[in-house]
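Chains as they are written, first to last, in my numbering: chain H, 1 to 114; chain Y, 1001 to 1113.
Keep in mind that a hint or two might mislead.
Straight-line C-alpha distance at most 27 angstroms; calculated BS3-like pairs for lysine-lysine [to be verified]:
id	chain 1	residue 1	chain 2	residue 2
1	H	Lys-101	Y	Lys-1057
2	Y	Lys-1001	H	Lys-49
3	H	Lys-69	H	Lys-49
4	Y	Lys-1057	H	Lys-49
5	Y	Lys-1001	H	Lys-58
Hints in this document: simulated from the structure, not taken from any laboratory.
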Amino acid sequence: AQSVTQLGSHVSVSEGALVLLRCNYSSSVPPYLFWYVQYPNQGLQLLLKYTTGATLVKGINGFEAEFKKSETSFHLTKPSAHMSDAAEYFCAVSQGGGTYKYIFGTGTRLKVLA
Amino acid sequence: KAGVTQTPRYLIKTRGQQVTLSCSPISGHRSVSWYQQTPGQGLQFLFEYFSETQRNKGNFPGRFSGRQFSNSRSEMNVSTLELGDSALYLCASSPDRPPYEQYFGPGTRLTVT
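Chain Y with its partners taken away, still in its complex shape (with noise of 0.2 angstroms):
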């Protein structure tokens, strides 16, 4: 089965843009979850789709936005994005049934200057 896969691989954006980011999950698996990396924060969980609805969904303001499609591929999209949004944006997928382990893409490094 392919992997999860992410594009583009690297972004470098400016202040006050906005960006999107895909995510296509493993065949089958229709969880979809997203996470901020960064040094200073770590490993940080912005939301979760589940067919095509947002299931969970962390701390972060309203400028970070999701969607699932019917295919589970998901985007992410960032508006007005601003110096601390720079990190390493991951995507994992789960088919959802016990254990519920996550499989993670190789993530987006977003740069914004």
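Chain H extracted, bound-state conformation (with noise of 0.2 angstroms):
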């Protein structure tokens, strides 16, 4: 079966620093992998997806993130960490049409301090 664990419910990061949120799935097959971000009282947005091909994957706000299949993983970066980053953050993988085969990591909830 597979799963989703996103190491970490709470990150801090000073603003200007790297953004690292970590998230590591299992699967049997090949999986699709996304990252969505949540603001407060907002549904989720959609900030990226790994579908195949290329492993680094770019996303909105300067996000991207790296497939990485020997490790199982799908790490999210930024650069740069910006006030407007404060937000929760979720993995998610798919291996198939139904949302039973939809699975969300529990989430990472970023605070960027000034």
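Take the two lone chains and join them into the complex the hints point to.
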């Protein structure tokens, strides 16, 4: 069965510092991988997705993620944190149609310190 | 394309009442999923509808139900509301083709008093 693990339910970084949010997955077949961002009292917004091909995926707001099959990881990074990046981030994996195969991680709340 | 819309955005109900929430998916999307989000339990899957049929169901009591119409719009209903039903209810639509990404609406904030 597939699963998603996000290491660290809370992460704090200083403004201008590197953002690194960790996501590991388990899947019996090559997965599709996603990162979402959620601002307070809003829905989830798709940041980026990995399907096939290039393992470094660029998303919105300067975020990117790298698919590493050998490490079963899909960590989210941003070179320089901005105050507006403070939000909750969710990693998700999909193996096909049907939501029972669409699994979300438990989320990581990012705090950006001035 | 217009995004996923949910109505109402905020709702206050009393214990024992029932409530209906509405979701309009992105045009062309036939898969609609519902999630409950609370601070304690996180994001929990309620159910998914595809072409007017419930395709998947999470682990929620029968008080939670849903339906989907021929235009793919979906409603979810919660009967006999309990205090613990207070949550953000999120709807997501998907094109149901690889990579099956989901697009979320803004949510309905339900408060049960």
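Proposed proximity, Lys-1057 (chain Y) with Lys-101 (chain H) (alpha carbon, max 27 angstroms): holds, 12 angstroms
Lys-69 (chain H) and Lys-49 (chain H) were given as a pair; does the straight-line alpha-carbon distance stay at or below 27 angstroms? holds, 15 angstroms
Would you check the hint for Lys-1001 (chain Y) and Lys-49 (chain H), treating anything up to 27 angstroms between C-alpha atoms as holding? holds, 19 angstroms
Assess, step by step, whether the Cα of Lys-1001 (chain Y) is no farther than 27 angstroms from the Cα of Lys-58 (chain H), and give holds or violated. It holds: about 22 angstroms lies between the C-alpha atoms, which stays within 27 angstroms.
When you check the alpha-carbon spacing of Lys-1057 (chain Y) and Lys-49 (chain H), does it fall within 27 angstroms? holds, 25 angstroms
Violated hints: none; the structure is consistent with every hint.
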